[in-house]
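S.K.: In order, the protein sequences belong to chains D and X.
The numbering of the first sequence is UniProt numbering, which starts it at 1 and goes up by one.
The numbering of the second sequence is UniProt numbering, which starts it at 1 and goes up by one.
Certain hints may be false.
If chains are identical, the list can't say which one is meant, so a pair holds when it fits in one copy or spans any two.
As the list claims (entries may be wrong) - Derived DSS-like pairs (lysine-lysine); straight-line CA-CA distance at most 30 Å:
1) K59 to K382
2) K80 to K192
3) K308 to K382
4) K266 to K148
5) K429 to K192
6) K453 to K311
7) K266 to K347
8) K293 to K418
9) K63 to K148
10) K148 to K293
11) K63 to K311
12) K293 to K382
13) K347 to K59
14) K85 to K266
15) K453 to K192
16) K266 to K63
17) K59 to K297
18) K63 to K308
19) K453 to K80
20) K148 to K311
21) K347 to K85
22) K450 to K397
23) K308 to K429
In case anyone wonders, no lab produced these hints; they're calculated from the structure.
There are 2 protein chains.
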Amino acid sequence: MAFFRNLSKFSAIKASSTSRLRNADPFVLSSFTWLSYLSTRISDEKIEPVQCSGLGPTKPHEKPRVVVLGSGWAGCRLMKGLDPKLYDIVCVSPRNHMVFTPLLASTCVGTLEFRSVAEPIGRIQPAISTEPGSYFFLANCTGIDANKHVVHCETVTEGIETPEPWRFSVSYDKLVIALGSQPSTFGIHGVKEHAIFLREVYHAQEIRRRLLLNLMLSDVPGITEEEKRRLLHCVVVGGGPTGVEFSGELSDFIMRDVRQRYAHVKDYIHVTLIEANEILSSFDDRLRGYATKQLTKSGVRLVRGIVKGVKADKILLDDGTEVPYGLLVWSTGVGPSPIIHSLDLPKAPGGRIGVDEWLRVPSVQDVFSIGDCSGFVESTGKPTLPALAQVAERQGKYLANLLNKIGNGGGGRAECAKDIELGEEFVYKHLGSMATIGRFKALVDLRESKEAKGVSLAGFFSFFIWRSAYLTRVVSWRNRFYVVINWVTTLVFGRDISRI
Amino acid sequence: MAFFRNLSKFSAIKASSTSRLRNADPFVLSSFTWLSYLSTRISDEKIEPVQCSGLGPTKPHEKPRVVVLGSGWAGCRLMKGLDPKLYDIVCVSPRNHMVFTPLLASTCVGTLEFRSVAEPIGRIQPAISTEPGSYFFLANCTGIDANKHVVHCETVTEGIETPEPWRFSVSYDKLVIALGSQPSTFGIHGVKEHAIFLREVYHAQEIRRRLLLNLMLSDVPGITEEEKRRLLHCVVVGGGPTGVEFSGELSDFIMRDVRQRYAHVKDYIHVTLIEANEILSSFDDRLRGYATKQLTKSGVRLVRGIVKGVKADKILLDDGTEVPYGLLVWSTGVGPSPIIHSLDLPKAPGGRIGVDEWLRVPSVQDVFSIGDCSGFVESTGKPTLPALAQVAERQGKYLANLLNKIGNGGGGRAECAKDIELGEEFVYKHLGSMATIGRFKALVDLRESKEAKGVSLAGFFSFFIWRSAYLTRVVSWRNRFYVVINWVTTLVFGRDISRI
Chain D
1 MAFFRNLSKF
11 SAIKASSTSR
21 LRNADPFVLS
31 SFTWLSYLST
41 RISDEKIEPV
51 QCSGLGPTKP
61 HEKPRVVVLG
71 SGWAGCRLMK
81 GLDPKLYDIV
91 CVSPRNHMVF
101 TPLLASTCVG
111 TLEFRSVAEP
121 IGRIQPAIST
131 EPGSYFFLAN
141 CTGIDANKHV
151 VHCETVTEGI
161 ETPEPWRFSV
171 SYDKLVIALG
181 SQPSTFGIHG
191 VKEHAIFLRE
201 VYHAQEIRRR
211 LLLNLMLSDV
221 PGITEEEKRR
231 LLHCVVVGGG
241 PTGVEFSGEL
251 SDFIMRDVRQ
261 RYAHVKDYIH
271 VTLIEANEIL
281 SSFDDRLRGY
291 ATKQLTKSGV
301 RLVRGIVKGV
311 KADKILLDDG
321 TEVPYGLLVW
331 STGVGPSPII
341 HSLDLPKAPG
351 GRIGVDEWLR
361 VPSVQDVFSI
371 GDCSGFVEST
381 GKPTLPALAQ
391 VAERQGKYLA
401 NLLNKIGNGG
411 GGRAECAKDI
421 ELGEEFVYKH
431 LGSMATIGRF
441 KALVDLRESK
451 EAKGVSLAGF
461 FSFFIWRSAY
471 LTRVVSWRNR
481 FYVVINWVTT
491 LVFGRDISRI
Chain X
1 MAFFRNLSKF
11 SAIKASSTSR
21 LRNADPFVLS
31 SFTWLSYLST
41 RISDEKIEPV
51 QCSGLGPTKP
61 HEKPRVVVLG
71 SGWAGCRLMK
81 GLDPKLYDIV
91 CVSPRNHMVF
101 TPLLASTCVG
111 TLEFRSVAEP
121 IGRIQPAIST
131 EPGSYFFLAN
141 CTGIDANKHV
151 VHCETVTEGI
161 ETPEPWRFSV
171 SYDKLVIALG
181 SQPSTFGIHG
191 VKEHAIFLRE
201 VYHAQEIRRR
211 LLLNLMLSDV
221 PGITEEEKRR
231 LLHCVVVGGG
241 PTGVEFSGEL
251 SDFIMRDVRQ
261 RYAHVKDYIH
271 VTLIEANEIL
281 SSFDDRLRGY
291 ATKQLTKSGV
301 RLVRGIVKGV
311 KADKILLDDG
321 TEVPYGLLVW
331 STGVGPSPII
341 HSLDLPKAPG
351 GRIGVDEWLR
361 VPSVQDVFSI
371 GDCSGFVEST
381 GKPTLPALAQ
391 VAERQGKYLA
401 NLLNKIGNGG
411 GGRAECAKDI
421 ELGEEFVYKH
431 LGSMATIGRF
441 KALVDLRESK
451 EAKGVSLAGF
461 FSFFIWRSAY
471 LTRVVSWRNR
481 FYVVINWVTT
491 LVFGRDISRI
């Protein structure tokens, strides 16, 4: 394995210099003694491949182990709810934090700081940091052996300085697959290469850096008018809540901050939102009309069109129009990621992992799936739930209670839950949808479904509800405190424009 | 030029689709009309090279122009003090913010947020954002033609999506060179490739990412003991204030946060500080002793040694010792950067740009130099001042007043200052040195020089002075507010450990 090859580089650690230092002053001597201690200990333990490269099956004196794949809304809500007295919790994910996605759009323009929307997993479930049998592994899942109750993983690496990735495996008593989804590009050429998605903190960071770079480059002498207009043309593809919220934040940033702080280029910057159908299709007609009016009023150009291709500096629409852009944000929906496709497990319509009424994956033991990556199998007769944070969170909460119940009933170990009464099945009740559309304006749609009757609101009061509702959902008090501080600072001092 | 070649890609922007849309609904029509407006305007203006690729000499009805190269302590203090009623201010720098360097070490471990130590230039001198003749250009200076009063520049680019860099020039009435310095590597092989410096915000970000990555990787099953120990061995080379402050912050992070949140690896993480001579050599003997004791107590290993070479996973010392490391921070001092070497201007001892008693560069007109990149020419009989923020800031302040005086006296234009009485020459008076050495401990040395007598303090009271003194120096109220909030949050909730 590459990892062991790497290690052989350290085999010859010398400790030859200590004898020469006998007469040196105590400070230097003690330091060298320590260095030689380091060297000696390393030399004493012969370099040989580690026998167990992973976590084996739990032993009778240990707690049963729940392995959670993923650290999104579903996985994190589950981990938060699991009882660490009943289970050891092992989380495998390529990021060590949860992203509070509803507020991510606000971080791109500096309304909120990046850290305010990232919640470390150790803060969500402290047992992961402190319990001897609970771990967080910065790794990707590469496969599941449901018969042997084992998950195969590979460490995440980046840059040239990190060790080569190495593989390991983790045995589970219960497995929860919460691997989420990936952005849909509909096979459109150039989207992956040139557009930025808006799902992770590093996406928001990239959008912010690009936006500020373009603002500054467009001010440099020698630039042509059309290049300036291109650099400052921000295009958002996809009129769902994320696309609309980002467009709103961006136009607000332009109206409030760019005009003051980039006075030389303020007339060149524009935002265009491209959507094939209607914007905010899940919302009430009246709210949609309101959103369209407000966005247009704040300078966002709404364009109905279908993107056919994306190049480094322009978008091609299906009617032949070419749209030059300097920043392209893509938020047209999500689909299952390749790892979900590759897993040899029952599937639901749409390629998601199939689950029964209790969120168990049928035909295998002790495997559950929640969040965007899962859907009810056809035999349940239930519809596929939308890929929403609300659904994922509710499923995580339900499954945490279910697993705690199983654990308390003595069914925590692998293959031991067959006789446990599972109780009520998972039922999703939609609480409503919210979206902000820029400065002090938001939509709140409290109907259970598109057809149902119910309350729907738009305007400043909705904005107040939007902020309050999300603030109460921010996981930690630390971040709740920071979000409020960020909002106040932005109100008083304007947005931060340093490009770091 | 590459930039104009790039632009030719946009020449054919089509607007053929509008006619088909006559019967569409008004929303769609208005949108397409706008898109075609964009396209048409671009097509109407024929693509031809811009005649003036830069800012020419100022005209009689315009204000004289001060061009400032660099946005460090010297340049920013100067811009803050310049009177925008007297001058147009043009700043050329590869970063759009000033870094509050004394607090940079605290950001690596999450005591402070990165944004709290970055101050956008537009906030330091608002005229740069709002005055029609004042600009900030995100660019590097590539040369100076002192006879023609022209600076040559090249735009900064990054990644594959940004336009190719383009060149432009800016004429000046007065030029201030404040380009700073670069870290010294003393020609040691491997330092540039493997070590991280600590001078910019992105350095602190890299240190933080590497530290958290190593903490997480070392927890993954299958890793050997020695690889774990290597990954978690943080080495700092250079025992000046930066190296000592970073070591202190790091050991504090380990003692307070790692033990709680990375309980599985807490016994493997170590900090070693390597210095060829004495640590904190500019401080009082008693303070040095105190610092040595405190650092050792908090787990920092102090090693006296000379680094001979650096490899990707170990440092070679001159006595043959090999020190494996996972994170290497290099802070051994600074020297002139290549652009300073390349400028055809008088030099001071050590390769810095030579200046006279009034910080003017002799033998050329209207050129000044301040901060780390400048030094007194030998004929002044004055010693080279240390490369300290304190010196740079004092010079910036002095020169701002001098330029304002020149401007008020009618000498603002190029070649017009010969008859102006310059007044008092620049005299540097050292106010003392400060350094923090971890949790609630700091050193304050208020002597004017190493030989002089004066007050020197160590301990909690010094820490209080250290925090208060720097807090008052943070430029904007926004960041002052944020620094306090960060300190309070860290005290209450511990440091933030999300790796974003």
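S.K.: Give a verdict on every hint.
M.R.: Evaluation of the provided hints:
Neither within a single protomer nor between protomers do K59 and K382 lie at most 30 Å apart by alpha-carbon distance, with minima of 38 Å and 75 Å respectively. Proximity of K80 to K192 under the C-alpha cut-off of 30 Å is found in neither arrangement, the shortest distances being 34 Å within a copy and 43 Å between copies. For a Cα distance limit of 30 Å, the shortest separation of K308 from K382 qualifies neither inside one copy, at 34 Å, nor across copies, at 68 Å. Taking the shortest Cα distances, K266 and K148 never come within 30 Å of each other, neither inside one copy (62 Å) nor across copies (32 Å).
Taking the shortest Cα distances, K429 and K192 never come within 30 Å of each other, neither inside one copy (35 Å) nor across copies (57 Å). Taking the closest pair of Cα atoms, K453 and K311 never come within 30 Å of each other, the shortest separation being 44 Å inside a single copy and 68 Å across copies. Proximity of K266 to K347 under the C-alpha cut-off of 30 Å is found in neither arrangement, the shortest distances being 51 Å within a copy and 42 Å between copies. Taking CA atoms no more than 30 Å apart as the test, K293 paired with K418 passes in neither setting, with 56 Å inside one copy and 61 Å between copies.
When the C-alpha separation of K63 and K148 is checked against a cutoff of 30 Å, the pair qualifies only within one copy, where the shortest distance is 19 Å, while the shortest distance between copies is 79 Å. In this assembly of identical chains, K148 and K293 lie within 30 Å of each other by CA distance neither inside one copy nor across copies; the values are 57 Å within and 54 Å between. Neither within a single protomer nor between protomers do K63 and K311 lie at most 30 Å apart by alpha-carbon distance, with minima of 54 Å and 43 Å respectively. Taking the shortest alpha-carbon separations for K293 and K382, neither the intra-copy value of 37 Å nor the inter-copy value of 68 Å comes in at or below 30 Å.
For a Cα distance limit of 30 Å, the shortest separation of K347 from K59 qualifies neither inside one copy, at 32 Å, nor across copies, at 73 Å. With identical chains, the CA atoms of K85 and K266 are at most 30 Å apart between copies only, with a shortest distance of 23 Å across copies and 58 Å within one. For the identical chains of this complex, K453 and K192 are neighbours neither inside a copy (40 Å) nor across copies (65 Å), given an alpha-carbon limit of 30 Å. For a Cα distance limit of 30 Å, the shortest separation of K266 from K63 across copies, 23 Å, qualifies, whereas the shortest one inside one copy, 61 Å, does not.
Within a single copy, K59 and K297 get their C-alpha atoms no closer than 64 Å, and across copies no closer than 40 Å, so neither meets the 30 Å cut-off. In this homomeric assembly, K63 and K308 never come within 30 Å of each other (Cα to Cα): the closest approach is 54 Å inside a single copy and 50 Å across copies. Proximity of K453 to K80 under the C-alpha cut-off of 30 Å is found in neither arrangement, the shortest distances being 34 Å within a copy and 59 Å between copies. For the homomeric pair K148 and K311, neither the shortest alpha-carbon distance inside one copy (47 Å) nor that between copies (42 Å) is at most 30 Å.
Taking CA atoms no more than 30 Å apart as the test, K347 paired with K85 passes in neither setting, with 33 Å inside one copy and 70 Å between copies. Proximity of K450 and K397 under a CA criterion of 30 Å is satisfied intra-copy only: 25 Å inside one chain copy versus 64 Å between copies. Within a single copy, K308 and K429 get their C-alpha atoms no closer than 37 Å, and across copies no closer than 66 Å, so neither meets the 30 Å cut-off.
Consistency note: the structure conflicts with the earlier hints numbered 1, 2, 3, 4, 5, 6, 7, 8, 10, 11, 12, 13, 15, 17, 18, 19, 20, 21, 23.
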